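Undergrad: The residues making up each chain are set out below.
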Amino acid sequence: MKALRYAVLAILTALFISPLVFVVLTSFKTAREAVQTPPTWVPDPFTTQAYERILTAADTPVFRWFLNSMIAATANAALVVLTSALAAYALARLEFRGKKIVFALIVSTLFVPPVILVVPNYEIVGRLFWLDTLIAIIVPTAAGAFGVFFLRQFFMGLPLELEESAFLDGANRWQVFTKIVLPLSKPALATLALLSFLTNWNDFLWPVYVLFSPENQTLQAGLSTLQSANSVRYDLLMAGAVVASVPVLLLYLLAQRFVIEGVSRSGVKG
Amino acid sequence: MSATRRAGSLTAWLFLAPYLALFVTFVLVPIVFGLWISLHNWDFTLPGKPFVGLDNYTALLDSDSVSFDPFWNAMQATGIFTLFTVPLLIVVPLAVALVMNQKFRGRDIFRAIYFAPYVLGVAVVGVMWRFLLDRNIGAINSYLGAIGLPDDIAWLSSVPAAWVALIGVTVWWTLGFNSVIYLAGLQDIPRELYEAAKVDGASRWAAFWHITLPSLRPVTMFVTLITVIASANMFGQSFIMTNGAPAQETRTAIFYIAETGLQNFQMGEAAAASWILTLALMLLSVVVFGVFRLRGALEAS
Numbered sequence: 005m006k007a008l009r010y011a012v013l014a015i016l017t018a019l020f021i022s023p024l025v026f027v028v029l030t031s032f033k034t035a036r037e038a039v040q041t042p043p044t045w046v047p048d049p050f051t052t053q054a055y056e057r058i059l060t061a062a063d064t065p066v067f068r069w070f071l072n073s074m075i076a077a078t079a080n081a082a083l084v085v086l087t088s089a090l091a092a093y094a095l096a097r098l099e100f101r102g103k104k105i106v107f108a109l110i111v112s113t114l115f116v117p118p119v120i121l122v123v124p125n126y127e128i129v130g131r132l133f134w135l136d137t138l139i140a141i142i143v144p145t146a147a148g149a150f151g152v153f154f155l156r157q158f159f160m161g162l163p164l165e166l167e168e169s170a171f172l173d174g175a176n177r178w179q180v181f182t183k184i185v186l187p188l189s190k191p192a193l194a195t196l197a198l199l200s201f202l203t204n205w206n207d208f209l210w211p212v213y214v215l216f217s218p219e220n221q222t223l224q225a226g227l228s229t230l231q232s233a234n235s236v237r238y239d240l241l242m243a244g245a246v247v248a249s250v251p252v253l254l255l256y257l258l259a260q261r262f263v264i265e266g267v268s269r270s271g272v273k274g
Numbered sequence: 032m033s034a035t036r037r038a039g040s041l042t043a044w045l046f047l048a049p050y051l052a053l054f055v056t057f058v059l060v061p062i063v064f065g066l067w068i069s070l071h072n073w074d075f076t077l078p079g080k081p082f083v084g085l086d087n088y089t090a091l092l093d094s095d096s097v098s099f100d101p102f103w104n105a106m107q108a109t110g111i112f113t114l115f116t117v118p119l120l121i122v123v124p125l126a127v128a129l130v131m132n133q134k135f136r137g138r139d140i141f142r143a144i145y146f147a148p149y150v151l152g153v154a155v156v157g158v159m160w161r162f163l164l165d166r167n168i169g170a171i172n173s174y175l176g177a178i179g180l181p182d183d184i185a186w187l188s189s190v191p192a193a194w195v196a197l198i199g200v201t202v203w204w205t206l207g208f209n210s211v212i213y214l215a216g217l218q219d220i221p222r223e224l225y226e227a228a229k230v231d232g233a234s235r236w237a238a239f240w241h242i243t244l245p246s247l248r249p250v251t252m253f254v255t256l257i258t259v260i261a262s263a264n265m266f267g268q269s270f271i272m273t274n275g276a277p278a279q280e281t282r283t284a285i286f287y288i289a290e291t292g293l294q295n296f297q298m299g300e301a302a303a304a305s306w307i308l309t310l311a312l313m314l315l316s317v318v319v320f321g322v323f324r325l326r327g328a329l330e331a332s
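Here the protein sequences line up with chains A and B, keeping their order.
Our numbering runs 4 ahead of the 1-based position in the first sequence.
Our numbering runs 31 ahead of the 1-based position in the second sequence.
Same shape as in the complex, but just chain B (with noise of 0.2 Å):
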């Protein structure tokens, strides 16, 4: 009999018992009774919690209701800071790793160079950049006006500068993070199938184009997938550099829903706003996961 089978089941659940029990408590639990505090008005501060049904959703959907304009604002710059960090975060990172993929002297050395914002907080990030892009004294606009650009660019309180801004930022901490992931999924190719190719006259673009993307797809989905889902959650870059200004406008779905549930304690609402983001985060999540299996069945066929 082997080993793997010697042990009773109790043994077994003595191992997980510890982990479980912080699982249970703080990852299934949270997921149900936020689901219960949405159906309800609930006030952290107040001992009375009314069941108020789907009243919370309804308000956040309804057009004459208060919440709904802040709300919308904010689940629209979301959608906004998504829409533009992903494709870049996709594409630069894989530029990156190809040229990091290459045999060369100091390869290691530029690796840890471009990672290394990852490892600094997002409110180090933040509060450096809102220094560099302040638009009266920053080093950027200063640059900007020696090479004869506009310097008096309000990076941190106008928009579209400040979609640029934040954008821009978030590429330059996290373009490292993906591009490891890339690189470590480019090392996995086999060698055989680009000297193979060389043997059939391939072109280094027919190359890329029929053996790399197609071999990277699984790496190239999680990418997606994770810069979707910490995208959709950017919350440190706005709150730091340009606290939502101008108006509301940078202010994301998370931003909104942490000052509602957590500084305003209308838990109820926010526990509704954080579930109807998630649906849409999941829906995209699908749609994403969809794209790349069509890619494949088409390329496949």
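Bound-form chain A, shown alone (with noise of 0.2 Å):
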């Protein structure tokens, strides 16, 4: 039995593993021995022309490609956290007409697929005279219920007593959701802004339509500029995949345990 399951684990683990793994390694061969067959693992010479070419040329600037990725996943992290986490408070804690009625039209839209979207934000993202822009990309997909449920579950979760002797020691409900809610709610918050970091990092059908300039790409977007424009240079798009892997990699490589317990909570308590 034990050793059945060690068969399993490293026959998964080599399926998961060895085409990372190959992927990184070609990125550093010459653009020759990307295509070469049969295939080689270790690249003999070791190069980072792949790297210098694509962070360099003029058609396809994945540095700034990068660098938009950054400021718009960044962005969107913060905005959702910031309007669910308030959202959400009210949500929880509050009591108001028509907190049902919002609550439910929120949570309705949790499995509203998202094509029903598409076009009509298109034609709203035009009309605010975003398209081509960042903006675009940060804002419109801050709108999901998800973080609102999310965070809402969390803060139920909270024992009430700390909030109630706050309000008796003379503080205003601000200063409570400020100075007691969101501190005792970070891992929650870290989890969603990770979730959201990743997911807009992520996104491909919308930046690919709302962006056309080439300085303007996102690059999940970029990667498939980059294709059209070197679709047999291989050396050149395993780099690019590589640049476009490492920050969410890194991210979960350091936050790994947050990033599946927001995933894995969100089934159950879903």
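No lab work stands behind these hints: they were computed from the structure.
You may find that some hints are simply not true.
Claimed, not checked - Selected chain B positions facing chain A (Cβ under 8 Å, derived; list incomplete):
| hint | residue |
| --- | --- |
| 1 | 64 |
| 2 | 135 |
| 3 | 155 |
| 4 | 158 |
| 5 | 212 |
| 6 | 236 |
| 7 | 238 |
No experiment lies behind these values; they were computed from the predicted model shown.
Cβ atoms here follow ideal geometry from the backbone N, Cα and C, with glycine treated the same way.
If you follow the hints, you should be able to join the two separate chains into one complex; please do so.
TA: Listed below in structure tokens is the structure:
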């Protein structure tokens, strides 16, 4: 039983790791070696020319794309956490008329297929003059219901006594929210920020159609531009794929627990 | 009086305002606006957007119209993809989660490895697998040849091979995501249930069938629903890996909608197509929901 388990694990691990390793190694090969058959694993000679080329090419400014993606994903995560935390707190702790309707409306859109929003949002973003700008990547996707739902669940689980004793000490609602609730919620806020960053970084369809200028692309959208510009230069394409993956993989390595727990909690409590 | 009731409703609306502004502008309004667009001959680049009633819908549903074949080919592509992806992504991640739910050394490392591809974007996954699956220089064909199998399969430009590639890559990409959700569900099942079954002399298989599966039902339903929605919205894999080839056979419904609406700017027709796809999807979700309710009711009786 034990041997069987480790055999299964070993095969699965090979299936998951080896394509990634092969891609990283290919990005350090010469153009010729990258497409050699049978394929080689260890680059000979080892070269960084693919990276030098894609980072400096004028029609595919990968470094600029990297900055764009960083700015968009960071701003989006901040916007999601800020607006969701405020709304979630109202829905978890405050009483007001229409609360049930507002919450039902928000939750009911959790399962609305995103395709229904693509065409009208393109038109709306166009009327706001946001087409071909990073704002189009940052703002509309922050309207998703997941963050509000996720944080509301978390806030409802916090002990009410702490907030009540702060009120007795004369604190107002805003002070209770910023001085007590938010500090207690750091793990949940971090999880939401991470998931939002990852989702925005990896978003594909929307940036492909909303951004047109070469210098305004995000990395994911840029990869398809890179692919059309160099369809057989696999050394360049793999280098592009590596550049597009390093930040998210680093984040994942550093905060793996938060990411995985965020995803698993979304299922059980959802 | 409890703290929950102390604040007036003005405070509540102030807390809600920033999110609601986003929600109304980019979720609620678009849902209605999309319906409105679908009733017009709506070209983003032209000033006139004449009202055409249900013409966009009838064009998509009338087999004599020029839009009929491309749209339904794309719907069929999405259907094929969903039909194969969903069962695989329900069963395989459950098996992986069952293995991961046992106590053994290095468990968290394995879990992290299987989840890792999900962190990569669809563009990265697509570009890397297009390379690995290339007919002439790809590593996959080369290794298949090395073990005596055909080494010239056109993974990206012939069917059914392209479907195998698209479905396989998608399973590789999102298996870890579903596994992690199952794993959390498995860890919520009370240990006592298994201990009681053991005392009664139940086999491991019986315990799985009568305890694990029924306890997991809400989680399985959630996984099924999100996988159905994700599969029906497949775009990036076919955009990057096959670009719809061969002919337009792997061009999915979303691919068709994006091209029609955001590239050719026939937004009325694209909006109508997205409503038809959404209705189909809602119907499917209701069926999924019903099946799980029925199974629950059958087991309870």
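Undergrad: Each hint should be assessed against the structure and marked as holding or not.
TA: Hint check results:
Proximity of residue 64/B to chain A holds as hinted, the smallest CB-CB distance being about 4 Å (cut-off 8 Å). A hinted interface residue such as residue 135/B counts as satisfied when its beta carbon comes closer than 8 Å to some beta carbon of chain A; here the least separation is about 7 Å, so the hint holds. Given the 8 Å rule on beta carbons, the hint for residue 155/B holds: about 5 Å separates it from the nearest Cβ of chain A. Checking residue 158/B against chain A by beta carbon gives a least distance of about 5 Å; that is within 8 Å, so the hint holds.
With a least beta-carbon distance of about 3 Å to chain A, the hint placing residue 212/B at the interface is held under the 8 Å criterion. Interface hint status for residue 236/B: violated, as the beta-carbon distance to the closest one in chain A is roughly 14 Å, over 8 Å. The interface hint given for residue 238/B is broken, as the beta carbon of that residue sits about 15 Å from the closest beta carbon of chain A, more than 8 Å.
Comparing the model with each earlier hint shows violations of hints 6 and 7; every other hint is respected.
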